[in-house]
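Colleague: Bring the two chains, given one by one in their own frames, into a single complex with the hints.
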Amino acid sequence: MRTLHTVILAAMLAAIGLGVAAWKHVSFGFPLTPDPETAVWTVEARARLQADGGPMRVEIPVPDQLHGYKIIEEDFISATFGAVPDDSGETRRVVWTARAPGSAPVLYYRMQLAESGERGDPPQSPAPTYPDPPEYDESLGAAITSLLEEVRQKSADVGSFARQLVLHYARNETDDRIQLLEGRTDSAHEHVEQLAYVLADARIPARTVWTLELAEGLRNGRLEPWLQVYTGARWRVIDPVTGDMGLPHDRLLWAVDDGAGVRVYGGELEGWQIAATRTQRDVLTVASQRAAEAGSRVVDLSLISLPVQSQQLFRLLLVLPVGALIVVLMRNVVGVQTFGTFMPVLIAFAFRETQLWLGMALFCATVALALVIRFYLERLRLLLVPRLAAVLTVIVALMAVISVASHHLGVDRALSVGLFPIIVLAMTVERMSVVWEESGPADALKQGVGSLIVAVMAYGVMTRPWLQHVMFIYPEMLLVVFALALLFGRYTGYRLFELWRFRSVLRQDPSR
Amino acid sequence: MIRRLLPNPFARLRRAGVLGMNARNASYIMATNPRSRFPLVDDKRRTKHLAEAAGIAVPRLLGGIDSHHELRALHEVVGPIEAGFALKPAHGSSGNGILVIRDRVGPYYRMTNGRLASRDELEHHAANILSGMHSLGGLPDAAMIEERVCFDDRFDDVSGGGVPDIRTVVYRGVPIMAMMRLPTHASDGKANLHHGAVGLGIDLASGRSISAVHHDRPVDEHPDSLAPLLGRAIPGWERLLELSARCYDLCGLGYLGVDVVLDRDRGPLVLELNARPGLSVQLATGAGLAPRLQAIDAADALPEAAADRAEFARERFAAADAPVPVDEPAPISVMGRAANADRCA
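Here the protein sequences come in this chain order: A and B.
When you read off a place in the first sequence, starting at 1, and then add 60, the result is the number in my numbering.
When you read off a place in the second sequence, starting at 1, and then add 1, the result is the number in my numbering.
So that you can see chain B by itself, here it is in the shape it has in the complex (with noise of 0.2 Å):
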């Protein structure tokens, strides 16, 4: 009663079903994530295994570094490594510390944005990954090197420089929202909307953009290559789909947040699960996850196979007015971004 008699400075956000930090923590992060199954997303290396012997496909661990004496044999273990690497802290948060390595020249390394590296960096940069400056907490870490992901070349207009990712929130199992992160020149390769990636928000039925913020403003053109955002496709939408779902019978974590890289010649790989998934998803797709995770708990019963999670997710959470599909335009070449097509090669 004190409620309506009260203004609710809050009232407009509940209407927009936005869902507020505390909400999420208390009512969906307590309530349906158990501790003890947080350590099997935190340390990626057990969440690669677990992921491996599901057959859900995840880019290939390729070594590791536990202390800081291994540190001199880090170049053995990347030297022969021809089609690049990814060097990440086993327990990351929000894609910090990661540093990718598309080639050697000569005695340096090549990183994706085009920077030369020596050796001496890749090992600082692994020292201070094993003190635990990337790591949750500060706690020291290990270090792992990951075969690097070539990205499907359809987004090399839209990748700025680094690896975009698709990060898909999934409550008890089933795909409620999703969004792509586009990496831009400000956020220095880092998927990551805080730090200035573009949000793209996907509608769950069709798999294509049907919005776009950057900094928190809509946007329709990448800041970087002015290349259309809205109405591009996500190539094997379905299949990126059902991955997600799987993920919750692999982690048992209610909800969870799943990213997903699409490579150019494997398809979606798996590239890290969340169990304290940010809110921006609601940023990108510039609506509220409350009304659809009420929807999932108000619903009678949800589907036992992830095919049909998907299915349900697809049919529930369609966006409302369909997405114009638009013709995949040409790679604009901006700055330079055009080297980006070779990447993989």
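Isolated chain A, as found in the complex (with noise of 0.2 Å):
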């Protein structure tokens, strides 16, 4: 009965843990994985610009919802500018403001964005009315009409009709009716809006948008005009010049129509360009931006929400109950005997600090010094607690002996021996003494043994990155740790160095 209700109650503390770290992991892509890198990219718009002398504003085109990519952070740079993001229109701008901006000022808008993994369209505008189709000269309507009868052969619906349009237009350098159109463009700009147009005429709703190409080390970008179609459900984007559908992984739609465009009252635009850099971040450190962004308060409530030097605390804290877990395991169904519960936990710790070997090594030489000094000590016929305090102070004083010793010999590894593991030797050792004078040699020596195995053992799991970082990120696995912590409390079954305690017995078993 106790076991059934320990069982269920293990079952769902578990898979409370793993389902909110599954939910964190999927919803935010907080990493399984220590130190895993995702691809950042830092686009910045600069805006070099030149003042009359008054009041200015200035108007500058970003990217509002993009797709493929999420924002993780913004930035609004100028030293005498204020800047406000307007999201009213179709574009979103930014609207900078200065009632003295000085001569020359320099406006940077930055950015950095996440790839998050999304295909597809990108974000939607709303649905256009049906263009009128335009009215043309007589040459050029001919044209025009005579075009749009071959493309409306090859083509199915509205998608691929734009795209025959634009293939067309690429094939067919020699074909009067393009050559007459191509003669009137300048620019690709206008070789989108004269696409546009065309299309116009058998009423599908068409328009500029304006893209940037991410590319490494980017730096006078410049946003080029492609054709986005309205297909009668949604727009779609149509490179201008090989017809392809989609925008492409490397690109983002950066305004709509004329959107694109600087505007600036009380001055003059020098210039604006854009770069763009891609650089390796943290996905931890992306993954709480995204959360962040995402307005959820799952980052606030963690504990990569407090001070680096907290944070290292708990890196350590939270593997402390995996280390127990290791013990529980080693003593209940194992059967290795140790000093204390939890010293190997304590033990291996202190390993944490001074490295294994030189730790293993330490602990071998305190403890067997300690115990010539007990015998030692033994003969003076000394009080218990007072003994334990001498045997303390020689530790200390041994410890300090092997600092100075090693640095003088150019080994610094010894130095970094902190506080904490010379308590814990000394600890050690006090358990040891009266271990061996409570149940005499054999026992402290076994003793001693095994929470030394024990301890490695916790050493080799606490000090897995892994480990640590999955504590860490995930707190909540520690209902997982304490569920199966639960479990071990309820097992009756029999430790693995029973068959060899009781060997004699079953020597004697007849049934065997």
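For the record, the hints were derived by calculation from the structure and aren't laboratory data.
Just so you know, even glycine gets a beta-carbon here, dropped at the ideal spot from N, CA and C.
Treat the hints with care, since some could be wrong.
A short, non-exhaustive set of chain A residues, derived as facing chain B with CB atoms under 8 Å [what the hints assert, rightly or not]:
#	residue
1	V445
2	E498
3	S499
4	L546
5	Y551
6	E558
7	F562
Now the stretches of chain B that chain A is said to cover, found in silico as 3 or more residues with beta-carbon under 8 Å [claimed, not checked]:
#	stretch
8	12-23
9	120-133
Modeller: Have a look at this one:
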């Protein structure tokens, strides 16, 4: 009954712990392994201005919702301007204003983008009204009509219609109609506008969108006009040169139609460029920023929000229960004898600071020395507590000697012995002395070796970077550890060492 | 079902009915020993008072020391004791920290193993006891001075310089298994199997030894005196078994270890009770505790009176092959062991 109760409770706790961890991982991308990195783009738009002398107002288009990327940070940098984002139009704009802007102000807009793994179409604008066919002059009108007729025969729907039109432009440069049309455009922007104009004749809504191609080390990047066509259900982006549908992964949709221009009141725009760099960033940082942008309190309520020093503390503290679980396993299932219950975990903790081999050497050396001293002090017939104090004093002195000696020998490793290992070693020696006096050397040595073995195992487990990371990022895993401890608490089976202990009973067992 | 698919390394232990440490703790100690009763048996002085009130014979308490400043008075307490005494921690466990003094030689105290201890050494030992060196959990403790038990001389040839005792495991008032623990030279007079004492499995029905182990190996002879170990009878066995059963009524612990010594003159005396009796009784008897515990739990009704419970135990838990009685052997003198014969003179 109690066992069933415990099992159900443990299963519930473990399910809650694992569930919360899974939610954090799936929704915000909190990493499962330490130090994985993700690509983060830093995109910077820079506007150089010339002021007239009076107050100034500058409007710069900035991307709103990005496709395939998430904005994790946005900065508006300027010495003298105040910046307010304006979301009212189709293109989001940042409005910069200054009463006394200085003579040649420079405005920076900087954003950091993390890949979000989305695929499909960019965020949609509202559906447009269908355009009326424009009025052409006669020669142009005939050319367009016959061109559209040809395109219509090769296409099945609005999307393929627009695509065929672009391909027609690209393939048939010798075609008289194309030459006539191309002759009227002298920029990429005009080319796209003409495509939209021609499509309007087929009553297909089309417009120019401004895109940025992300490239590592992009310096004087410019927005490029692309064609966007309304297919009756949604807006689709078309490469105006190749006719490919959809926005490539390395391209950002920055602004729509004439929203792309920088508007300056009270001065002149000297130039504006876009730069982009790609950096590797810690996934954890990115996930936290994503969670914060999504308005979730997950990060605020987690250990990541603590000051760095406290974070370091908790990184250590949270693996402590796992170490304790190792002790439980070794004591109750295997049957190893140790000093005290959780002394091995503390010893393992001390090893963290000293490094394993040095720690083990120190452990054996101090324990052996302390025992020698104990034998000597026993002849003096000191009282128990003062005798332990004397042993502790000797251990501290020994540590000091080791540190100084190793410093002069040029081995600086040993110097890193901190306060904690000394205390743990002293406590171990005390426990060992007591066991030695109570139950004799055999028990003391058995427990000493047992403690050391369990400590090394706990050290091995607790120093796994993966474990530290998971326990720190997903502290709800403590519930799982708790559940396991509950289950061990109801384990009434044999211990592995009991096979050895009761071997003489087994030898007499007639049913063998 | 999974159990059947996987090979179970512990199947042999289970078949042999061995009780493991985890099962002992969870299914018996935690289930049948209320925590509130532990102090009754952990403090030997309280046990003694309880037993005396119930008319159970115990070694007499001659004095006690509760704090360091009383140490000076130690000699006034023990000085006049002619017959020898035992100095022990009130909260000791598994026989640790017990010093048995046989008599005095000039200013010295002679221990049962023949060594002489000065007043200083005696005081130091008492101080260690007070500091909690031998007590459970290392808590500060009190020292008690107890009348020395003059062990029945029928066991002189196997007592190894110490005091043998008889440990009976009593479950819900019914004795289920018993062993006699014989100190050896190697165990330094301690009656603890773990420290090298000989464990003698006792048949509950006849009170005779049916098996013996030393350092986990079956033996036939005492390692020091080479005296035969099997088939020896414990005098007054029925009384001893009843006494053990009565200790359950005394402390109310369902899973109980009762340690009894046989005094030459006073018969069985209850030395101490143990709320966490160890599992080595299984080694001594070569049998598992689990089937007997289950038999008690499965019994429809257990007898009320302690004597009936002892009778119940003798019927239910008789050894399969009845032990062959042997004549009591004459004490063999090996390495001056015969000196023990005059221990209580």
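Colleague: For every hint, state whether the structure bears it out.
Modeller: Tested hints:
1. V445: Because about 6 Å separates V445 (chain A) from the closest Cβ in chain B, which is inside the 8 Å limit, the hint holds.
2. E498: This interface hint holds because 5 Å falls under the 8 Å limit.
3. S499: holds (7 Å)
4. L546: With Cβ-Cβ at 13 Å, over 8 Å, it is violated.
5. Y551: holds (6 Å)
6. E558: holds (5 Å)
7. F562: With a closest approach of 5 Å, the F562 (chain A) hint holds.
8. 12-23: Holds: 9 residues of the stretch 12-23 of chain B have a Cβ under 8 Å from chain A.
9. 120-133: This one holds; 7 residues, not fewer than the three required, reach chain A with a Cβ under 8 Å.
The earlier numbered hint that this structure contradicts is number 4, and it is the only one.
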